[in-house]
Structure formats: C-alpha cells, structure tokens
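Number of protein chains: 2
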Amino acid sequence: MFCDNFFKPFKFVLVVLNAFFCFSMPNAWAQEPIQRQADVIIVGGGLAGLSAARTLVSEGLSVIVLEASNRIGGRTWTKNIPGGGWIDMGGQWVGPGMEHILPLAESLDVKTFPSYHKGDNILIYGGKQQKYSSDPAVGTFPISQEELKDYQSALKKIDAYALEVPVDAPWRAPRAKEWDSQTLATWIRDNVPSPGAKFILRVFALGYFAAEPSDISFLHFLFYIHAGGGFHKLHTSGVALRFAGGAQQISEKMANQLGDRVLLNMPVREIDQTGDLVVVRTEHDRFEAKQVIVAMAPPLAVRISYKPNLPANRDQFSQRTPMGSSIKVHAVYETAFWREKGLSGQVISEDDDVSLAVDNSPPDGKPGILAGFLEGQEAREWSDRPEAELKKKVLEAFVKFYGAEAATPVAFYKADWDAEPWARGCFTCVLPPGTWTGFPGVVREPVGRIHWAGTETATEWYAYMDGAVASGKRAAANILLILKKDDNVKKTK
Amino acid sequence: MFCDNFFKPFKFVLVVLNAFFCFSMPNAWAQEPIQRQADVIIVGGGLAGLSAARTLVSEGLSVIVLEASNRIGGRTWTKNIPGGGWIDMGGQWVGPGMEHILPLAESLDVKTFPSYHKGDNILIYGGKQQKYSSDPAVGTFPISQEELKDYQSALKKIDAYALEVPVDAPWRAPRAKEWDSQTLATWIRDNVPSPGAKFILRVFALGYFAAEPSDISFLHFLFYIHAGGGFHKLHTSGVALRFAGGAQQISEKMANQLGDRVLLNMPVREIDQTGDLVVVRTEHDRFEAKQVIVAMAPPLAVRISYKPNLPANRDQFSQRTPMGSSIKVHAVYETAFWREKGLSGQVISEDDDVSLAVDNSPPDGKPGILAGFLEGQEAREWSDRPEAELKKKVLEAFVKFYGAEAATPVAFYKADWDAEPWARGCFTCVLPPGTWTGFPGVVREPVGRIHWAGTETATEWYAYMDGAVASGKRAAANILLILKKDDNVKKTK
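In order, the protein sequences belong to chains A and B.
Count along the first sequence from 1, then add 132; that gives the number in the working numbering.
Count along the second sequence from 1, then add 132; that gives the number in the working numbering.
It is possible that some hints are incorrect.
Identical chains share a label here; the pair holds if one copy fits it or two copies do between them.
Claimed, not checked - Each computed DSS-like pair below joins lysine-lysine, with the alpha-carbon atoms no more than 25 Å apart:
1) Lys-439 with Lys-546
2) Lys-498 with Lys-524
3) Lys-330 with Lys-309
4) Lys-622 with Lys-281
5) Lys-605 with Lys-524
6) Lys-525 with Lys-616
7) Lys-623 with Lys-523
8) Lys-211 with Lys-385
9) Lys-473 with Lys-605
10) Lys-498 with Lys-365
11) Lys-617 with Lys-243
12) Lys-473 with Lys-365
13) Lys-243 with Lys-281
14) Lys-330 with Lys-289
15) Lys-260 with Lys-211
To be clear, the hints were calculated from the coordinates, so they are not data collected in a lab.
Could you build the full structure based on these sequences and the hints that come with them?
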C-alpha cells in the first residue's frame, strides 16, 4: 500500500510523457493492477462457483470469485423485461428430489412455482398437427398404438440399462465398453423399429442434451438418465417448478452476500501452481491462493494456460467434452392467449426449426410468454444469424402452433448460447463415444491444488442447476479437508 | 524508434526505483516488448505454417511466423543421438503420390530412403506369436482363411464406401448422415463377424488414427481412407519412405531460409481483428498484419482469445476435434540384430501395450533402432508416467518380439505426444460422430482475416506431412488472391 501511494507521482509523469511521446505503454499502467490473496480462488461465477464460495466462507475461509463475463450466473441468466416481468434466457427448471438447489433457493428466499401444465400439448409429426392431454395420466403422444408400444418398450430398456451405470463412475458399468462404443443414434437404429418412436427419442436428445442422437455416446445417455433418476423423474421432477423472479436470482443473492469477494470481467488467463501459493492471472491482475476451484465446463477450462501443463489425460478428456448446441427464444404477449384456447403451450414439432416450445409465463400468466427452443442441428443452422430472420421464422411457427395472435408479440428475445463467449454452448457437455471409458476418473480428479466443479462434474442431476450446486459444495468440502489436514500437519510440526 | 531511445533514461530510473521500493512492475518492462508488422502473420511453425510462409515470401510478401514452443517443426521432431545418428520422435513416413512434401524435400536437398521391409513380420494374436512375410505379394496376416476372407471383404467394402466421400466435403457423401451417426466400432461390430478381422481393423485404427474404433466417426474413417488414396495406397505409399536425417529437417531448412521472420517461444494469446490491421498478441509482444494464418490443430487454435469472438459454429466445431492419443518410443542398439534373424522388425501385438513396432534404423542399419507405438487406450494409460516404468514394459515386449538382445539398448527415448503442451496428442484430429455433418464447411472457412491451415484442413493425405504442406500452400494462395484484389481495389479508387 505504501509503495503504491509513494509511486503515484512518478506514474503521473509517465502518463504525461506517454501521451506526449506516443510510446505505447504496457496496458497495466492505465489502471492499477489488482493484487489480492485468499485461501481459495474460484474461477467461474455460476451456480457451482458461488455455491463453493458460500460453503468455504461459512467455514471461515477467505475466497475470491473471478467471473470472466460482466454478470454472474453462468448459464442461468434472467432478463428483466419492460413492465416489470422477467424471462429466464437460460436454465430454469427445478423439481422435487433436487436436494441442493431447492434448499439453497429457500435459504435465499427465492420461491418456486409450478410450470404450466394444463390443457393440451401439440405434436406435429408425420404431416399432422395433433393435440393430446398434457396430463400424462390422461394422454400421451398421438402416435399409433404400435409406435407407442415401441416407444414405451425403448424407455423401459433404457431405464433398466441406466440403473447399471454407476453415476460416480460410468466407466465401471458392466457393459460400459459396449455402450460407450456406440452413439445413441446407433442404439435407436438397432432397437427402435418405428419412425414415431425414433422421432420422440430424437426430441428427447434435443430437449435434454441440445444435441443430435448421433452426437451422444449411448453410455453417456444412460449416465444422464440415471443421474436424473430415470425417465419418469426427468419428465416430471426435471421440469416441475420454476423460480418466481427467475433462476439467476439465486446466483445474484449469493453474490450479494459474498460482496467484494466476487469480481466481474476477470477472464483468467493462467493458473500457475509452481510456487508455494497458486497464482491466478487475468490479463492485468494477479491473485494468490492456497487452493483453486475451476468451476467451468471442461471445454472452456482447458483454454486457460496452466503451469505446469495439465496432465495429458485431463487435456485429452477436455478435448472430448463438447457443449450442446442451443438457442432459446422468447415471445412476449399481453396475455397467455393460448391458455384460453385450452392449450398448455407445449409443442413438439418435426417440421419446424423450433422443435420445442413451452409456456414460459410468470405465475399469473401476465404477460403471456412463449419459449421456443432450437437445439442440435437447428441451433447450428441459426447461430450467429440476424435476429430479425430468426424472429420471422419462429413467429411463423408460433402462428402455426398457437394461432394468428402469435404473429405480433410485444417483444422478442434471443439467447444464442453457442455464441456466448463464456458458455460456447448449452446446456452442458455431451460426451461422444469413447470418452467416459477412455478417460476413467479424470472428470473430478484434482490436478495438484486445482479442483474441478460445475454441473459437468455432478453425479446427480448432471446438466441441471442442482448438479452445479452440488458440485460446488463437493469441491469446497474437498478443499476444507485438505486445508484442515495441512493445518494439523503444521500444528504437529 | 525515436520514442524508444528517447525513453530509455526514464526507464532506467524506474527500474532503480522498482528495485528499491519493491513495487511489482509489469513484466513487460523487464524486456523490451517486440512490436512488428508484416503483410501476414502465421501462427504455428510446423510444416503447414512454414510452407505458407515460404509461399508468401516467394510472392514478395512480408511474413512473421510465431511458434509457441522452443523449436520449429510441430509434430515432426528429430532428435540427434550420441554417435551422430538421429531419430524421428514424431511424423516420419512419406511415399509416392505425395505431391507436396516430396518436391518440397527435394528442393531443400533432403533425401528419402525406403523404409525397411525385408524378412518376416510378427503377429501376436490369439495367444500365438507367428511370423509372416513382410512382402505382401508373398504373405499376409497369419489368421485363418475365413478370418482373412472376412478382413479382405471388409477392406473392399470400406474402399468402395470411401470413394463415395468427397474429400473436400465429407458431409456431402450420399450416405453422410448414416455413416456419421455411427462409430467405426459399430460398423465393425455389424459388418465384420470374425475376431481376427476385427482385431486387425482395431490395429488399423490404432496405427493410422492413434485412436480406438469407438472414438472414430465411420464417416471420418472413410474420409481419411479416401484422402490417403484407399487402403492399398495407405499401406504402401503411406509408409514407403523416410527422410535421411529425419523429417524435422524440412521445417528447419525452411525456417533457416525464412531467417528472423520466424520467432520461437511465442505462444499467441489473442488475435484481434476489430481494427484496420489484425493485431496478434503474445503475453508481452504485439504484431500487426493484414491477414493471419492459424496453422494449428483446431483443439489448440480455439484456446487463443479472439476479438471479435469466433463464430459459434467455428468454436463448437473445434470442441469436437480431439487429437489422437499417442506415445512413440525408441530403443537404440549397436546393430539391427533382428535383421540377422530374418525379421523385418514389424510387429503387431494383441497382448502388449506396445501394440505396434517397426525397424526405425537409419539407411545403413547402424545403429539398429526399434520404434514402438502405444496408441489409443495404451497411450492414455502410459501418459505422464515415469519413463523408467515405461522403458521396462517396452523392453519386456521387445525381448518377446526380437529376442534377449533387445533387453539392453544403448539408449531409450520417449515422445509422449499427449503431454506435449503444443501438440496435446497425435497424429491429428479424430472426429467423433456428428462433427462433419453437424458443422459442414467450417473446417476451412476463413473467419474474417483469419485463415486456417494444418493437416487437419487437408483434403489429400489428411494427418500426413503432405497434407500439412498442401494446407499451408492453400491458405497462402487464398491470401494472395485477397491481397491482390485489395490492391486492385485501391488502384481503381
């Protein structure tokens, strides 16, 4: 501190000289470089990173959270809209059985409300647009009896197989090698004869993975199902509830409690653990800690420079963990007019780039909000394209789904997750064949004093907010054990 | 220049103050930051980058080549050994029909010599160690007639399918979607009944892709075969010749000719094309150019920061291009003792982590050198492990293959490519299902003023040195066209 102040006059002289002599000064002079220390530095200010920070702070440790972007929340992102409403541009669903995110939300006084599941869903398939009850006790997909039987038999097989995949070690499944040698597309081709059932399973891949069946290792698919508690639970609990006021609030409230421990606009460039303390560098700033948590998806985490270099298998694993491809759009209407027509808002379409749509209105249905999803190949086709074109395409589909009223929303929003620099895809990593079995154990294995968090390291509700929170708590707990052990060693010495 | 000199006394004062007041100065002051301009900056000093540089210089353009590591040559790396010999730790084989690397070598006065293919090969399979002639006209794999027939029928099918895959657009193959929805493992499972033929095809995946059949999209596999001119050509031309003195010489000689245009130890951190010139930054230095060639494999190229951000599909594509997994070892002996026993040195083993071995001696066979390959799963198991352990394991295998003399080499060398920070795997990218068809056209599509090179962008001899050279020349030719057009526009104005 003394040095900094003492030095200021000299710096002033330099800045003047600089302006005068056009000498390009290192950028660091423009702004005081930050230099801070903490017990633990957390890279990534999403649900995982903030949950880790919260756990560590509650145990009396000092932490710094470095978030690359200009907001916290990661793949949860709530947009306030004119008139006081809000929209979840990213992750939004929770439900019973999620043991980490729900208690956390409650402790932060964030309320849940049930997703809208009343009236009829719509299925557009085989050239027909058909309604069916959104109540699973009443109706199901309007495909032929034979196709339905085929679909249900596939689900039954998948659920049974999924139970054989240990969620903490998918590579240890008795048939791991067989299942990890093929894609979900191959399994569907071989086991699901009817086109209708095939189609519904593709929609499942799009809706849950934001990926095509050809992208997904069948072992990874089974792991995901098991981590979510099976097909039925995914379909019910997985989408049962939403947060009143939006999902990003959880992160915002945690960040508020953490105060100036959380720094935004801090893309980490290097993590150096060659010295006594781990040094974490951004372009201009420098932080030191005893331990580090990297709470980022592996394909982004691997873009940081590490000293020493990451172990070969950690790097190679991270080359095999692509993010799903996802665009989420919203159209806002004065009222949820489709409800009055007896529609739930849920649409699955074979013919439209918006292959999935749901009612995403606030609890009172005012305004009426429809969310549309472009996933997998459709997201890739629409990424980086002008919003006006996409809006036109989406609204054409919405008119077909919901009627002419859909043509004139009061507002339209797009979240192109593949284009987001600090997400580079959504919802999470979609492991191709050969990854789980090729790199057993790598996913959560710490690298020296670096610990990995993020929903990609979760064993329950992988890809969900719940998995993210659990992963942050797990990484924090590991560090607590290590630091306590270190303390004991010091005391004994 | 004037500014730099004028400023020096002030800097001296600062350095003294710094030492005195313990103020941590930005690192940039420690060493004069380099600031240079050129028509084209090339990121990556392997065969692709250097070939591009050479082409551009020959057309009168100024270039700067920035190489991250402390040597040029990329995945070619020749080690000089005591006694005047040399070893190719990386890429080494060329052959007839390679129209880019061979003329380049000739122009640089680097001679080729035939790989050693005399005497008997060894196959260890099904619990038996059997010899067979290394002359394909005389002998072939000692598996049963039925298995052989099965193997040959698979090759025939694969060769025919490969011809249907356009090498410049694999996603346009009539059956692209079908083939890109499955792994090579699935295709083998479905089409190759006998275990012997299955085994030989796995060896093919290991030997040519450094990957497991489960890692490889069947479409990518077919593309590779077509790009190499079919099975027969890959098996003959693909491994026919080596460079006397080693493959890295080609890069070294090109770099010598390019002189101070080539800078080592320059990991590029950022490429910024938001201004009139493209700015390329390393940690300390800054370069400007009209156009940039990134001659790196996609999984490494994507770790650079780009301004503006890379297009969504370029980023997502690069998340789906993992490098193969490869360790290459060498044991050096006074003489090629196996030759005296009538052995070619070539071994394929089902039972050993070194699943492939070859005679890798210099033309006169003195010293005798054996190369062993650990690929795919074996490489992953041995990466980052102590060399002494690996040496023991390899030499045990070599004793089994070649006799007791193999136990005591005069030297042993390991190249763990997955651990190499600027390679992170070898030989090249192994595309999983869904990548070629999911991201059509992305592989070579320039991003603004950034052009992509590297053998990963080749359409002939993908993964080979020849493909690398061709890719560099192609990227350079594109830039020449653009700059000529720009010049014409300026002239007309």
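Okay, the hints, checked on the actual structure:
1. With identical chains, the CA atoms of Lys-439 and Lys-546 are at most 25 Å apart between copies only, with a shortest distance of 22 Å across copies and 38 Å within one.
2. With identical chains, the CA atoms of Lys-498 and Lys-524 are at most 25 Å apart within one copy only, with a shortest distance of 23 Å there and 72 Å across copies.
3. Taking the shortest Cα distances, Lys-330 and Lys-309 sit within 25 Å of each other both inside one copy (24 Å) and across copies (15 Å).
4. When the C-alpha separation of Lys-622 and Lys-281 is checked against a cutoff of 25 Å, the pair qualifies neither within a copy, at 65 Å, nor between copies, at 69 Å.
5. Within a single copy, Lys-605 and Lys-524 get their C-alpha atoms no closer than 43 Å, and across copies no closer than 42 Å, so neither meets the 25 Å cut-off.
6. In this assembly of identical chains, Lys-525 and Lys-616 lie within 25 Å of each other by CA distance neither inside one copy nor across copies; the values are 57 Å within and 40 Å between.
7. Neither within a single protomer nor between protomers do Lys-623 and Lys-523 lie at most 25 Å apart by alpha-carbon distance, with minima of 64 Å and 42 Å respectively.
8. Within a single copy, Lys-211 and Lys-385 get their C-alpha atoms as close as 15 Å, which meets the 25 Å cut-off; across copies the closest is 57 Å, which misses it.
9. Taking identical chains as interchangeable, the C-alpha atoms of Lys-473 and Lys-605 are never at most 25 Å apart, the minima being 45 Å within one chain and 62 Å between chains.
10. In the homo-oligomer, the alpha carbons of Lys-498 and Lys-365 never lie at most 25 Å apart, since the shortest distance is 29 Å inside one protomer and 68 Å across protomers.
11. When the C-alpha separation of Lys-617 and Lys-243 is checked against a cutoff of 25 Å, the pair qualifies neither within a copy, at 39 Å, nor between copies, at 61 Å.
12. In the homo-oligomer, the alpha carbons of Lys-473 and Lys-365 never lie at most 25 Å apart, since the shortest distance is 29 Å inside one protomer and 66 Å across protomers.
13. In this homomeric assembly, Lys-243 and Lys-281 never come within 25 Å of each other (Cα to Cα): the closest approach is 39 Å inside a single copy and 67 Å across copies.
14. In this assembly of identical chains, the alpha carbons of Lys-330 and Lys-289 lie at most 25 Å apart only when taken from the same copy (14 Å versus 28 Å across copies).
15. In this assembly of identical chains, Lys-260 and Lys-211 lie within 25 Å of each other by CA distance neither inside one copy nor across copies; the values are 35 Å within and 67 Å between.
Hints 4, 5, 6, 7, 9, 10, 11, 12, 13 and 15 from the earlier list are contradicted by this structure; the remaining hints agree with it.
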